[in-house]
Each structure stands twice: as structure tokens, then as C-alpha cells.
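Novice: With the hints as extra help, turn the sequences into a complete structure.
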Amino acid sequence: MHPDDRDNYSKKRKRNDHGGGRGQEDHSRKRLTTDELTLQRLRREIIEIGEPSRYKISATILHAGYGFATEIENSVIRKGLLDTFLAVVVEQPHKTPLISGILEVANSKSESAGKFAIEFFHSTLQESILKGNWNKVKLIVRLIACLSSIIEGKGTVTLLQTLLDKAIEVQQASESRIGFAEDLWINALLAIPYLILNLPDIEDIKTSASELLVKAESFPTRKSKALDLVQPFFGEKRPYDIKEVVQIILPALKRLESSEWKLTKMMDIRALIQPVLADKAPTKHTFPAIAIPETEEYSRTYNNENGLYKYPRIFYQNYLPVMYETVPPVDTYESLIMRDLATDIMINMDFNRKEVTRQLITLDLFFNNQVFAEPGISFDRLSTIPEGSSTWKIEDVAVEAILSLMFQLPEMRYKSVYYDSLLIEACIMAPQAIAPVFGRAIRFLYSNLESADVEVFHRILDWFSHHLSNFGFTWKWQEWVKDIELNEFHPRKVFMKQLIVKEVRLSYPQRVKDTLPDEFVSLLPDFQEEPIFKYLEAESLFQNEVHGLISCLREKKSSEEFYNTLNQISEKTELEPAQKEVTDVVVSSVCYLGNRSLSHANSWIGRAMEYLKSVCDDEVSMGYAVASVMEYWKEQQFIGVLILDQMLKQNVISALSIVNWLFEDEQRIIFTTNHGWEALLRTLTHVKESANELTIEADTTSENNSLDARDKIFGLVIDKLVAIQGIDLDEESNKWIEWWKRGGIKAIMRKFHDVFSQDGVVNSEDAYVLEILSQVKALGN
Amino acid sequence: MNEIENAPNYIHSTERLDGPSPYILRSARYSQKGRDELTATLTSSTLYVGNLSFYTTEEQIYDLFSKIGPIKTIIMGLDRFSKTPCGFCFVEYANRGDHDNEGHSNAVAAVRYLNGTKLDDRIITMDVDPGFKDGRQYGRGQSGGQAKDEFRDEYDPGRGGYGKRWAQAAKDDEAGMKEMQE
Chain X
1 MHPDDRDNYS
11 KKRKRNDHGG
21 GRGQEDHSRK
31 RLTTDELTLQ
41 RLRREIIEIG
51 EPSRYKISAT
61 ILHAGYGFAT
71 EIENSVIRKG
81 LLDTFLAVVV
91 EQPHKTPLIS
101 GILEVANSKS
111 ESAGKFAIEF
121 FHSTLQESIL
131 KGNWNKVKLI
141 VRLIACLSSI
151 IEGKGTVTLL
161 QTLLDKAIEV
171 QQASESRIGF
181 AEDLWINALL
191 AIPYLILNLP
201 DIEDIKTSAS
211 ELLVKAESFP
221 TRKSKALDLV
231 QPFFGEKRPY
241 DIKEVVQIIL
251 PALKRLESSE
261 WKLTKMMDIR
271 ALIQPVLADK
281 APTKHTFPAI
291 AIPETEEYSR
301 TYNNENGLYK
311 YPRIFYQNYL
321 PVMYETVPPV
331 DTYESLIMRD
341 LATDIMINMD
351 FNRKEVTRQL
361 ITLDLFFNNQ
371 VFAEPGISFD
381 RLSTIPEGSS
391 TWKIEDVAVE
401 AILSLMFQLP
411 EMRYKSVYYD
421 SLLIEACIMA
431 PQAIAPVFGR
441 AIRFLYSNLE
451 SADVEVFHRI
461 LDWFSHHLSN
471 FGFTWKWQEW
481 VKDIELNEFH
491 PRKVFMKQLI
501 VKEVRLSYPQ
511 RVKDTLPDEF
521 VSLLPDFQEE
531 PIFKYLEAES
541 LFQNEVHGLI
551 SCLREKKSSE
561 EFYNTLNQIS
571 EKTELEPAQK
581 EVTDVVVSSV
591 CYLGNRSLSH
601 ANSWIGRAME
611 YLKSVCDDEV
621 SMGYAVASVM
631 EYWKEQQFIG
641 VLILDQMLKQ
651 NVISALSIVN
661 WLFEDEQRII
671 FTTNHGWEAL
681 LRTLTHVKES
691 ANELTIEADT
701 TSENNSLDAR
711 DKIFGLVIDK
721 LVAIQGIDLD
731 EESNKWIEWW
741 KRGGIKAIMR
751 KFHDVFSQDG
761 VVNSEDAYVL
771 EILSQVKALG
781 N
Chain E
1 MNEIENAPNY
11 IHSTERLDGP
21 SPYILRSARY
31 SQKGRDELTA
41 TLTSSTLYVG
51 NLSFYTTEEQ
61 IYDLFSKIGP
71 IKTIIMGLDR
81 FSKTPCGFCF
91 VEYANRGDHD
101 NEGHSNAVAA
111 VRYLNGTKLD
121 DRIITMDVDP
131 GFKDGRQYGR
141 GQSGGQAKDE
151 FRDEYDPGRG
161 GYGKRWAQAA
171 KDDEAGMKEM
181 QE
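Each protein sequence line maps, in turn, to chains X and E. Numbering-wise (the UniProt record's numbering), the first sequence opens with residue 1 and increments by one. Numbering-wise (the UniProt record's numbering), the second sequence opens with residue 1 and increments by one.
One or more hints might be untrue.
[What the hints assert, rightly or not] In silico BS3-like pairs for lysine-lysine, Cα to Cα no more than 27 Å straight-line:
| # | chain 1 | residue 1 | chain 2 | residue 2 |
| --- | --- | --- | --- | --- |
| 1 | X | Lys513 | E | Lys118 |
| 2 | X | Lys223 | X | Lys237 |
| 3 | E | Lys164 | X | Lys751 |
| 4 | X | Lys154 | X | Lys262 |
| 5 | X | Lys243 | X | Lys225 |
| 6 | X | Lys556 | E | Lys118 |
| 7 | X | Lys688 | E | Lys72 |
| 8 | E | Lys178 | X | Lys649 |
| 9 | X | Lys751 | E | Lys72 |
| 10 | X | Lys634 | E | Lys33 |
| 11 | X | Lys720 | X | Lys634 |
| 12 | X | Lys254 | X | Lys154 |
| 13 | X | Lys497 | E | Lys118 |
| 14 | E | Lys118 | X | Lys415 |
| 15 | E | Lys118 | X | Lys476 |
| 16 | X | Lys476 | E | Lys72 |
[Said to hold, decoys possible] DEER-style ranges, computed between Cβ atoms:
| # | chain 1 | residue 1 | chain 2 | residue 2 | range |
| --- | --- | --- | --- | --- | --- |
| 17 | X | Lys262 | E | Leu42 | 28 to 38 Å |
| 18 | X | Pro251 | E | Pro22 | 38 to 48 Å |
| 19 | E | Tyr55 | X | Lys556 | 25 to 35 Å |
| 20 | E | Ala94 | X | Val76 | 40 to 50 Å |
| 21 | E | Leu42 | X | Val76 | 55 to 65 Å |
| 22 | X | Asn369 | E | Gln32 | 55 to 65 Å |
| 23 | X | Lys556 | E | Pro22 | 40 to 50 Å |
| 24 | X | Asn692 | E | Thr73 | 47 to 57 Å |
| 25 | E | Tyr55 | X | Ile484 | 28 to 38 Å |
[Unchecked claim] From the derived model, a few chain X residues whose C-beta atoms are all more than 10 Å from chain E:
| # | residue |
| --- | --- |
| 26 | Arg353 |
| 27 | His466 |
| 28 | Arg554 |
Honestly, the hints are just simulated from the structure, not real lab data. The model shown is predicted, which means the values in this text are computed figures rather than measured ones. Don't be surprised by glycine CBs; every beta carbon is placed ideally from N, CA and C.
Specialist: Spelled out as C-alpha cells, the structure:
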């Protein structure tokens, strides 16, 4: 990448003032007071610290630090700046060491500035602990660790000890894994390098750090039984062995200890501020002890939203060291810190995806400048860099961090589209630097699809199709051309075919067709402009009757006339039982009337409700209705299943009838099509949600009934998955069917783990199901 | 609503991309109706989506926006006269009983994550909408579509070519010239 490019995207966002909403532009019309102007200027310096600038970092640190110190008696500015420091520490934690530099400089100018800052962070830390906001706790602790040079005595070390003690106490009291304890423990450990960072020459601190490590050793790490359940890749061909953060951290820090705590990868803050501080001894401030009360409560309320360790936190790897090592090896402290920083930027700043992306792809600026290869360097050019220089690529670190959240199991922290849009932004901001990295990610994922978790498989598909839809559907399809010949059930073949279908769903057939090489056009399904309505075709036996029915519906004629016509059809049909024909006629007429769009379909279901319910009066006829919808929409089944969903929500058909249909199909559409898989998940979600809704309002009897009904469907789905067999197929197909079946069972049970972990839901005795069930039950710990 | 508009807000290190639209903030400054609308956007489950192609279908919109959460309904914006899509829509997210204001947070999430990304090869825009009222599905431009399509002077094949007013003006000119000549 050209260095100017980097400057460009670094400065792109500097439109408005920071911190406001999109309406901020209006503020510019108002005249700002001197206080506001000062505040805004200092805020900008603080927030953008370390980013490309025409001033040296040391000059900005000095300026911001002195600015804060000078204005310390002005309560408006002080409050505004303290909030700003906190915002940066939480949302852009890679800047924390620089923030600590600013505060240290401020303290050297005015001890009152240091005092206010320490008091502010102390009370914010205590408050975050009481609120159980563990992510914020971690990030403030990290700043405190950086500030140890202006904290009295062993205040910082005591703080880390308190956290470690609590973590050890909580975990020792339990035989199973406690996410909250792991969080505290890991985060106290992650703060240790920061403790050293700012005081590299003080032997005392190194001794304290080593003592902390000794203490940390008594943390009893409990291996989660659900570890297999949270891996994106599994099986013998998996690309790498899973590593848990909790297993990596202590050995990584011990290696750092044996290297005399030399933090060669981190930015040298001391060197930046030492000239300013000169040799003057800093004024130190007390950091009172922190209390962590009532830990049982915390363990209970600890969740995915306030911490990262509710479920085992693992290291997702996308760029394995093939030829060159482009990301730090997972078991080093710098890799843990980088990954943790990237994760927190994404988690805490999701309200501005552009800023998140910009910070992620410039994260290298916040490490020692030898740590990464030049930004935007292509993979091929890594061969030209001198022996001994770093081959780490910041783009690889950034993309890997995004994907690690995208493939987080059992659930994502944010909506999947957030991660999609981060990758879209990255490709827009730095196309030349990111596009090849992105391509390598896809190649890695595609080549490992045989080992992919089924849910991860679908997440890749969703993301990739969404991504391509933002970039004109251009993809190097030729790379996959040899896979066209693969077995129909092979994950890579299914992936290619479903990717094309997904593209069409976000676009239209001709658009996608134009982007495909000839070899792939055959994978594009036939899409009719408008489905054929068989009852109005010339050869239909019931052409007149159906015309009659349709005009009854359109003109809202009497129901008597409608039912009379139905009777005629019932008498005339040769189909056994006649009910099947009658249901088919009514349901497909409604499909026909509503074929213009989903909302037309929806409104016709509403208008024909009485008739629909009269023909769908038991499970058998609901089954006919489902078949009828799917036959009408056979060319565009993904629309058909949405119509089914509407009929389910409007109580025309049952969840059972949809489930039955899904498993009836010879092509095992649950596995080989998006719409099949999506319909299954949607239907189960509907069942689960309606049971929840009913239990809120209902009395005990109906509560039990609705829960029973839910449990029955969920149990049945597992039975049906277990029963899937590929008897009529060749050996290879059978092998893949089995692959899908096992993956499907795992994904479904994990997704609805709260339902499945309850007693009596799973009745299957199948060994694999029971194995997954025991993991599902262990998920929370 | 003053607190939303005026409160100096330093709790973030950068601007939010999911705040109320400048349009609503502006009208909240001048009228009670605007202030009521602004209040409504704080709880509304409805999303306004703009800059769609006239050819984008409800199913395409469904496919993209259901990635965020369950959709209750999609209302396509129509030309007042021809009743054909005219490039905008409302997406209302579903509120399920035991999820606290799920629909609203999904609408906000859509603004946050999807505003400015592409659908059907076009960059689409979105805002949390104060809530759909009957009649709002129609374009408010003089010729039936959206007002923004009246004056557009560049050619946009996805939205009916040149602005309608320009097209009309060109026609009138021609007619006027003829008249004068006669």
C-alpha cells in the first residue's frame, strides 16, 4: 500500500466533533465558549493519540498532558477530559499506555491532575465491579497497571493480587469451570506486562510481577467438558489443535519472565515521556483497596455481554504459518494482548463500525515499529524482506480477529452482519491491502470445509454471500472449478451451490449468472419468473372450479358459494383421499393470489383465513398444505419456506407439519440447502418463543402444556435427525450424509442448548446424541 | 428532547452511527410534531430504508434485513399514481413477548451495521422511523414518486433515469418552442 493511502484512511473520519450523534453538524452553527473550544481541542488530541499526525507523539503527549494539568481546576473541562480518558481506555484500549503517558505528564505539571485522575479511575473501577461490567474492569485495571509510577507504594500490585485472590477463591470452591473466575484471573495476568511497561528499570516491580505469577499458579484451571462444542473446526483433518486462552496465558507470561520481562514488542512509553519528566521524582497518589463483594451473584449474572469467558474462550486461527508467519504465534503474550485488544475494540465500539475498522487495520502503530512488516505488504513480497525482520501482517491480525468473533460458538456476541460490515468496510478503506488477505481467508476456510462445524459452515456462507453482494459478486470462481465434479453432498459442493443461491436471493438470477464462468452456470438453479399454477393450466380438471374459488376470494363472495365449489371438487377428484385435493386447491390458490410478494402472500393468508383453517383441520391435512405450498414454489423454495413460516405464525399450520415435511425430502434439504436449514431453525425458534410467551401469561396447566409441546417437537427433531439414512445412495454420498447428520445434531443441540439441557427433552438413546448432550449440559461451565 | 440534542456527550471516543437522522433532529427543533417523532424513534421498531432501486423486490429486502432479526412486515414505498415501487420501504421488526423491546434494538442494529452497505448493487440508507402510518407508503413528489427523484440531474437507471421534473421541463420546452415557431 502506498503510505499516502494509509494517511488517507487514517484521517477519513475527521469530519465532525467526536462523541455526538449524526446530528452533530448542527452544533457548528452555535458559537462555542472558550471552555468548549479548549475541551474539544484537548479531546481530539487525546482521542487521536498515536495516530498519524504531523506532530511527534511525544509532543502531543506533552501538549495534552499539560493541557489537562492547566485546566484541572475548571470542572467542566476536567469532567469532559476524564470522561474522554475513560472512553479511550474502554473503546480504544490499544491507546491505554499512551493515555497513561499523558496522565503522568499531567501529574508532573500539577499533582492535583494526577490525584483527580487516580480518584476518578478508582471510583469508576469500583462502580464497574459492583455493576458486574467485567470487560470494563479489565480495561481500567490495565490503565492502573500502566500508572504504577504515580501510585503510592504497592497500590497497583495489591489491586492485581486482590483480583487473583478472588479468582482463585471462586474457582477453588467449584469442581467445574467458572467463567467469571477465569475472566478475573486472565485479566489480572494480562495486566502484568503493562505493570512492567512503564517502569522497565525498577527491579522491585519485576519481583512483584514474579510474585504475582507464583500466586496465579494456585488457580485451578478446570478443563471444560464442552470444549469440543465450541471449536469451529473438528475431526482428524482439522487444520490446527484448539487452544484455550486459559491454558496459554500463564506459560506465556512465564516465558516473558524468563526473558527478564523484556517487552520488546510493546511501544516504549518511557522513552517518549522521560525527556519531559526529566529526573524529577513524581508525586504519588494512594490507590485505596478495591472490594469485590458477593461473588456467587457475579458468577450467576456473568454472561456473554459483560465478559468473554461465559463459554470457553479459544483461539481461532485463520493464518497458519505456511511459508511465512503472518500473525504472532498463539502462545505468546503479544499474541494474547493483540487479540484481546482487537476483540475489545470490536466489542466496545460497535456503534461505529468504520472507526472500529480503521483502528483495527492501524493497530500496528501502537506496537514497537519493528513488530510488523510494512503495512499492506503483499504475501508474495514477504520473500523480499531482509532475514530476521518481522513477517507479521497487521491486515492478517485484523481479519483473523474479526473472523474469531464471527465464528464464536455457541453464540455470537453481536449480530453476524456487524462482522460482515467490518470486513466490507476494511475492503473499502484499504482495498489493495485487505482484498488479498480476505482472499486467503476464504481459501483457508473453503479448503477446510470438510472439518467445519455445520453452524460455522452456514455462517461462512451467509457472510461470504453478503460480502460478494457488496462487491459486484466478483469472485475467482475458477479456483474451485475442479470441485464441480464432487459428490452432491460434499461440503464444498454444497457450499458452491448454496453460495450461488444466496447470491441470487440478494440479487436476481441474471445478475449472478453474468458473474459466473460457464462451468458454473449449470449450478445456478432454474428460476421461473412466475410459478405455474397447475389448476389454471389447460389440462387441469378443475379449471372452472378454481376460477370460481378465486373470484369468490377476490370479490369476497359468500362462503356458501366457496364451500359448494369445494364440495364439487371433492366429488370430482380421483385423488385418494379427496381431502388432499381439496386442501391443495385452497392452499395453492392462496399461494397463487399472493405470489407477487411476501406481503401479498401474507395478506391473502389473512383474507382466506377461514377457508384455510377449514381445510387444515388436522395434522394430516396440514401436511397436505405444507406440500402444496412447497409444490407451488418448487422453483423458488426459499420463498415457499417463508410462506410456510407466515402460515405457522398465523396458526394455519403446525410446527410439526413443517418439521415432518423437512425430513421427508429425498434430497435431505436440511443439509443441502440454505432454505431447508433456515426453515428448521426458524421453526424451532418459533416453537421455543411461543412456549416462552405462553408461559409468561398462562396458568400452570397451560404452561406445562406449552412446554410439553415444545419439548416434544425438539425431541422429535433429534429423533428424525438420528433416523436419517442414505440407504438408496452410493457409498460416498452416505459418508457425507453421515457427516451432515452428525454436524446437524451438534449444531441444533448447541444452538438450543437451553432447551436441550433440560431433562426429558432428548429421548434418543443414540450414543452420539448422548455424547453431545453431555457436552451441551456442560456448556455454561 | 433537549438532552439528546444538546447534552455534551463525552462518554464515547467517536461518534455514533446509529443516532437519530439529521432530518428528524432538524424538524424536532422547529415543531412539536418533530419532537414527538424524535421521541417515537427512541422506541420504534420500524426502519426506513432509502435509495433502493425501483426493481429491488420485497424478498431481497427480506433476505438482507432478516439477518438482523425476525421481521414483522415490509411495506414497499410506491408511486402514488402508478402504484409501482419507487425506491424506498419500511421494515418493521417483530417484538416477541419475552424479549425486551427487541424490535427497536433490531432497527437500531440495522442502522448501525447496514446503513451505507449495498443491496442489489446500490448503497442503501436507513434510519429508525417514528412509525409507519397509512399513506406514508406513497411517494410525496409531484409526479408520484419520491421528491428526490424529481430534480435529480444525473441519470440513475435503477430509479427511472433522469429526474422527472427535468424530463418534464425538457418536454415543455420543446412544446413551447413549437408554439413560438407557429
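Novice: All the hints need checking, so say for each whether the structure fits it.
Specialist: Quick rundown of the hints versus the structure:
1. X:Lys513 x E:Lys118: Answer holds: lysine 513 (chain X) to lysine 118 (chain E) is near 19 Å, not above 27 Å.
2. X:Lys223 x X:Lys237: holds, 23 Å
3. E:Lys164 x X:Lys751: violated, 51 Å
4. X:Lys154 x X:Lys262: holds, 21 Å
5. X:Lys243 x X:Lys225: Between lysine 243 (chain X) and lysine 225 (chain X) the Cα gap is close to 14 Å, so the pair holds against 27 Å.
6. X:Lys556 x E:Lys118: violated, 41 Å
7. X:Lys688 x E:Lys72: holds, 18 Å
8. E:Lys178 x X:Lys649: The hint is violated at about 61 Å.
9. X:Lys751 x E:Lys72: holds, 23 Å
10. X:Lys634 x E:Lys33: The given pair, whose Cα atoms are some 48 Å apart, is violated under the 27 Å limit.
11. X:Lys720 x X:Lys634: holds, 23 Å
12. X:Lys254 x X:Lys154: holds, 21 Å
13. X:Lys497 x E:Lys118: holds, 22 Å
14. E:Lys118 x X:Lys415: With Cα atoms ~17 Å apart, lysine 118 (chain E) and lysine 415 (chain X) stay inside 27 Å; holds.
15. E:Lys118 x X:Lys476: With a Cα-Cα distance of about 20 Å, the restraint between lysine 118 (chain E) and lysine 476 (chain X) holds, given a limit of 27 Å.
16. X:Lys476 x E:Lys72: violated, 37 Å
17. X:Lys262 x E:Leu42: 28 to 38 Å: Given about 52 Å between the Cβ atoms, the range is violated.
18. X:Pro251 x E:Pro22: 38 to 48 Å: violated, 53 Å
19. E:Tyr55 x X:Lys556: 25 to 35 Å: holds, 32 Å
20. E:Ala94 x X:Val76: 40 to 50 Å: Given range 40 to 50 Å: holds, Cβ gap about 44 Å.
21. E:Leu42 x X:Val76: 55 to 65 Å: violated, 27 Å
22. X:Asn369 x E:Gln32: 55 to 65 Å: Because 57 Å falls inside the window, the suggested range holds.
23. X:Lys556 x E:Pro22: 40 to 50 Å: holds, 45 Å
24. X:Asn692 x E:Thr73: 47 to 57 Å: The hinted range 47 to 57 Å is violated for asparagine 692 (chain X) and threonine 73 (chain E), with Cβ atoms some 22 Å apart.
25. E:Tyr55 x X:Ile484: 28 to 38 Å: holds, 31 Å
26. Arg353: violated, 6 Å
27. His466: Since the minimum Cβ distance to chain E is about 7 Å, histidine 466 (chain X) lies within 10 Å and the statement is violated.
28. Arg554: At roughly 17 Å from the nearest Cβ of chain E, arginine 554 (chain X) sits farther out than 10 Å, so the non-interface label holds.
Violated hints, listed in ascending order, are 3, 6, 8, 10, 16, 17, 18, 21, 24, 26 and 27; each of the other numbered hints is respected by the structure.
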